Amino acid sequence: MRMLQEVLKDWEAVIGLEIHAELTTLETKMFCGCKLEFGASPNTHTCPVCLGLPGALPVPNRAAIESIVLAGLATNCDIEKRSMFYRKNYMYPDMSKNFQTTQGPIAFCMRGHLDLAVDGAAAKERIDLPEAVQDGGYTAHIGITRIHMEEDAGKMNHVGGSEGRIAGATHSMIDYNRCGTPLIELVTEPDLRTPEEARLFMQKLRQIYLALGISDCSMEEGSLRCDGNVSLRRRGEKRMGTKTELKNMNSFKNLHDGLAFEICRQAEVLEEGGIIYQETRHWDPSAKRTLVMRVKETADDYRLFPEPDLAPYDLTDEFIESVRKKLPELPDEKAGRFESSFGLSSYDARHLVENGSVAEFFDKAMALAEGGAPDALAGEGATAAGGAEPLGVAGHAPAAPGAAASLAKPLANLLINDLTAYLNAHDGLELAQTFLTPARALDLVRLTDTGAISSKQAKEVFAAVLEEDRDPAAIVAQRGMEQVSDLGAIEAAVDRVLAENHDEVALYLGGKVQLFGFFVGQCMKATAGQGNPKMINEILKKKLGQPSA
Amino acid sequence: MSVQAKESPFMNVAQIQAGLAAKSFSAHEVAAATLARIAAIDPSIHAFLEVTEQLAFEQAARIDAAIACGRLDECGPLAGAPMAFKDNMNQKGTHTTCSSRMLENYLSPYDATCVAKAIAAGAIPMGKLNMDEFAFGSSTETSCFGPTRNPWDLGRVPGGSSGGSAAAVAAGMVPLALGSDTGGSIRQPGSFCGVVAVKPSYGVVSRYGVVAFGSSLDQVGPFARSVEDAARALNAISGHDPLDCTSQHVTTDFTANLSEGVKGTRIGIVPAFMGAQGLESEVREKVEEAALLLEAAGAHIVEVDLPHAAAAMSAYYVLGPCEAFSNLARFDSVRYGYCDPGHKDLGTQYEASRAQGFGPEARRRIMLGSYLLSAGVYDTYYYPAQQVRTLITQDYTQAFRNVDCILTPVAPRTAFKFGEISDPTSMYLSDMFTISINIAGNGGMSLPVGSGVQTGLPVGVQLIAPQFKDENMLRVAAALEAVLGKAAVAPAFAEGDAL
Amino acid sequence: MTQHVNEKDVRTIAAYARIGLTQEEVAQMTIDLNDIIDSLRPITEYDLEGVEPTFHPIGGMSNVMREDVRRQGFSQDEALANAPRQEEGCFLIPAILGGESA
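Residue numbers (my numbering), protein chains in the order written: chain A, 4 to 552; chain B, 58 to 556; chain C, 4 to 105.
Derived by calculation from the structure, the hints in this document are not laboratory data. Check the hints yourself; a few may be wrong.
List of simulated lysine-lysine pairs, DSSO-like, C-alpha gap at most 27 angstroms [stated by the list, open to error]:
#1 A/K38 with B/K149
#2 B/K474 with A/K158
#3 B/K401 with B/K474
Chain A is nowhere near these chain C residues, computed Cβ spacing over 12 angstroms in every case [what the hints assert, rightly or not]:
#4 T5
#5 E28
#6 I34
#7 N37
#8 T47
#9 D50
#10 L83
Note that the structure is predicted; figures quoted are calculated from it, not measured. Positions of the beta carbon are idealized from the N, C-alpha and C atoms, including for glycine.
Please put together the full structure from these sequences, using the hints given.
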């Protein structure tokens with residue numbers, strides 16, 4: 004099989020996503036008052052409604068309707084005031100009523116979109132770079148067809164076969180705790196062209212849902228799930244090819260890799276003169292390939308009809324406006340603010356908002372830097388008090404806004420690079436679980452900014468803060484790490500070094516300029532490693548004078 | 058047991074409560090007398106599928122305890138009144154079979170709201186009543202546990218689907234029963250058995266816990282031997298239920314205006330109904346007599362037109378089966394219900410369990426619904442049927458601009474013999490006068506007006522009220538009842554001692 | 004009488020409704036269904052142009068919702084009390100052939 008980059012030179016991939024998110028942050032299920040809880044003992048959160056007992060009737064959860072309207076507003080959808088629930092009839096044992104309550108032709112949210120900023124390596128998959136491209140990046144406008152409200156099914160455990168798969172199983176065990184969990188399904192237009200765009204869309208949507216607080220968006224636990232529809236067409240062709248539906252892409256990496264594989268597979272089939280069947284395929288990440296789950300011979304006929312047990316919806320302006328008031332600052336808005344208020348690059352701003360808690364942390368640190376919003380720090384244990392006075396900084400005295408802005412870039416770097424690396428290395432650790440506080444991060448950045456410690460030392464201090472739960476200043480003081488920036492002390496050290504190394508001085512002046520580094524090293528040694536390297540450099544140059552050419 | 062307690066099965070609710078208040082007998086004695094009565098005569102009628110002796114005595118004990126503290130009036134409007142429930146109503150601790158093999162062993166783990174409300178109002182729960190399987194039928198012959206017999210003629214059907222409810226009240230086993238009505242299933246057996254039978258407007262009584270047949274058509278209502286008892290029962294079970302989105306915020310006291318009479322009341326007659334093909338003359342005569350009696354009591358009789366009523370039957374046989382198909386999908390042998398043993402794969406277990414668990418009429422309706430909802434067919438029948446519903450509703454709205462209540466036949470004939478009607482489409486005609494009311498969501502009731510001159514069997518007239526104005530038909534019914542007398546216990550079971 | 008469905012259609016409908024029918028039952032069902040569907044003809048004969056459907060005969064009620072508040076449900080034993088087969092707190096079913104959920 005050819006590589007994706009090669010395949011995409013000849014073929015255009017047309018990708019649409021169907022993304023299901025469970026509204027896990029609610030207290031109860033979609034149509035009954037059973038508790039939402041992941042991982043409880045089987046069948047301990049059920050009632051007549053979600054068990055599908057004869058005679059039970061559904062009543063919708065108002066908070067779920069508010070959540071989906073929130074999701075629609077955050078993704079630029081039109082909110083449809085008038086809509087209905089429908090019954091989607093198919094018998095499958097994880098759906099206790101043997102119909103799913105979902106929405107019909109009109110969903111609560113219709114006709115939305117998200118704009119994706121694609122750059123760096125992610126942009127390289129796009130062979131036909133659009134005109135708008137600058138610096139190797141571009142913006143992709145992805146249409147959202149609809150977001151509709153529905154309910155999740157129960158969970159089945161297939162036994163007797165291999166790896167819990169249904170094929171080959173002799174029995175299945177059903178737990179209806181999840182049955183009836185509020186679920187919103189977002190369907191995109193087939194506007195995505197590369198697996199990277201699909202991944203970025205999914206990531207962006209996840210950031211938005213997390214910011215809205217409507218779901219924990221755990222791909223691992225299945226509260227955020229994605230199916231992809233993929234078809235290929237020759238570059239320049241307008242007609243759509245036959246699509247396959249791809250399932251089991253339960254991580255961002257799997258989403259990308261599954262789609263990439265499927266694109267390459269379809270290209271190979273088509274290039275060999277074969278045909279693509281409309282079928283559902285399962286991505287097997289360990290085997291790194293997709294497998295047929297079922298072939299769709301005819302369109303499914305779910306015998307949809309309006310749910311007679313549920314009253315229709317005619318949402319009022321007051322309802323919609325009351326939801327709009329709950330909209331928090333969304334990741335794109337936040338990134339824009341980071342750029343305009345703190346002068347961050349769009350790249351830095353975008354990466355900072357990828358993780359809501361990191362963005363919030365950054366905001367708090369910047370508020371401290373500007374000397375404001377002490378309230379934001381209350382209860383965070385965030386002050387540097389209790390340790391030694393921070394070096395090079397006079398406590399947390401208000402600094403000029405300009406000075407604060409100069410800290411934004413290094414602070415962003417600390418969070419985007421060092422912190423991310425640390426969290427990644429500590430498997431799933433959350434920022435809130437670390438010993439890093441906004442005040443500590445700010446102090447660390449200031450220590451470097453004022454030259455009190457070197458950037459190399461800063462990394463050591465950062466590691467120490469996270470391991471020892473102490474303030475940067477205290478660590479610097481304890482370890483005696485302050486850079487010596489006293490001109491007299493450094494001059495004395497330089498003089499001493501030059502006096503002790505006559506021969507090398509002679510050689511240097513004779514043209515062996517590479518010895519300069521040796522002198523620097525000796526000076527650092529003479530200052531016990533704490534001499535300000537920049538000052539040492541300057542003084543050495545001055546004292547040594549010009550070597551002969 | 059006192060002599061009076063033995064008479065209690067023949068009493069109405071007010072008489073029972075007077076006896077309790079006077080301490081002529083206890084609630085326990087009422088329960089015991091009712092149990093004895095059921096044991097004595099139900100073997101010849103087969104109205105009951107389950108008798109809940111223990112639940113009855115528990116409730117009676119609660120009421121007797123209240124009486125002992127002088128708090129009978131706090132026990133609710135049905136205090137001490139024996140009541141039985143159609144077997145599609147969940148009642149915790151009872152079997153709720155819907156007269157189907159599918160649910161033969163299903164034990165309800167929860168209460169239907171109507172059952173809970175009745176018991177909270179002081180009713181003594183006596184048991185569960187026979188019905189057509191899943192309420193699909195008009196004769197109670199499709200019950201997989203055997204038919205119920207009409208107390209007026211044991212060789213005839215009690216009507217259906219709430220045949221057990223009508224027969225239990227008509228035979229004097231209980232003063233009150235609850236039934237459900239999707240196309241006539243309360244009113245038609247009420248007519249066949251000569252008892253008061255009320256189908257309130259859709260949404261007046263919660264459907265929560267009542268096994269669904271046609272969700273947009275089903276409505277629960279009471280059977281009684283007097284309009285007042287029916288109105289009392291309706292007071293107890295009506296009102297908004299947070300567990301049923303389609304239930305209405307009803308606060309009407311349905312007993313309030315029963316004695317107001319009909320002076321000046323405008324009562325509609327539908328000429329097309331009176332001239333309908335298949336309407337037996339003995340039934341038509343009774344409706345005409347009722348009209349004359351009402352006129353004599355001061356009502357104005359006005360002709361009204363329901364131009365789309367003729368389409369109601371076909372709309373019903375589209376909407377009912379479509380909703381039933383979906384509602385009955387849950388009977389799949391997984392969580393409850395009949396499970397055919399020994400299958401190695403779920404597909405064959407499904408097919409065998411549903412083939413054997415459902416009777417022929419249930420299978421037919423499920424199949425019909427599955428067909429009518431399928432792609433391409435939906436637009437031919439289902440969608441037009443919902444449009445026809447709009448037209449029928451408008452007909453009633455228009456008619457009720459000119460009248461307060463409409464008077465029609467309930468069924469085209471009196472009770473028929475077992476096996477007399479066997480093909481499905483003829484059986485469906487039993488509901489020709491009742492169905493449009495379910496389609497539009499109005500209230501309708503059957504009031505017994507005596508016996509047909511040819512058959513000597515009970516005939517009921519149907520009174521139809523505007524949506525959510527059910528008190529109108531109850532008031533007209535009370536006026537007729539004042540002239541004709543209260544519904545009698547079927548003669549064969551009314552002689553001498555109640556036992 | 005018009006033939007609305009033939010025996011093959013009836014088998015397809017039965018398969019979708021998950022009801023196993025014998026050959027004799029299929030034959031009888033075909034007759035019955037054609038008979039009933041024939042009787043539905045009035046529905047197809049009205050001029051319904053511009054008539055809005057009434058899906059909910061509830062007097063114009065809309066937006067009926069409940070608050071996001073917990074309500075006592077079943078214990079595991081209660082949930083499983085009517086189960087034909089169960090194991091380890093779960094409902095037990097035989098193998099599902101023919102693949103995954105839709």
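Restraint check for A/K38 with B/K149, where alpha carbons must lie at most 27 angstroms apart: With Cα atoms ~22 angstroms apart, A/K38 and B/K149 stay inside 27 angstroms; holds.
Holds or violated: B/K474 to A/K158, with C-alpha atoms at most 27 angstroms apart: violated (51 angstroms)
Nearest-CB test (12 angstroms) between chain A and C/I34: Holds, because the least Cβ-Cβ distance between C/I34 and chain A comes to about 23 angstroms, which exceeds 12 angstroms.
Non-interface claim for C/D50, where every Cβ of chain A lies beyond 12 angstroms: holds (23 angstroms)
Interface-negative label, C/L83 against chain A, beta-carbon threshold 12 angstroms: With a cut-off of 12 angstroms, C/L83 comes too close to chain A, as the shortest Cβ separation is near 6 angstroms.
Nearest-CB test (12 angstroms) between chain A and C/N37: holds (20 angstroms)
Restraint status (C-alpha distance of B/K401 to B/K474 at most 27 angstroms): violated (45 angstroms)
Interface exclusion of C/E28 relative to chain A, criterion Cβ beyond 12 angstroms: The assertion about C/E28 holds, with a minimum of 20 angstroms to chain A.
Given as non-interface: C/T5, partner chain A, CB spacing beyond 12 angstroms: Since the minimum Cβ distance to chain A is about 22 angstroms, C/T5 lies beyond 12 angstroms and the statement holds.
Least C-beta distance from C/T47 to chain A larger than 12 angstroms: At roughly 18 angstroms from the nearest Cβ of chain A, C/T47 sits farther out than 12 angstroms, so the non-interface label holds.
Checked against the numbered hints above, the structure violates hints 2, 3 and 10; every other hint is satisfied.
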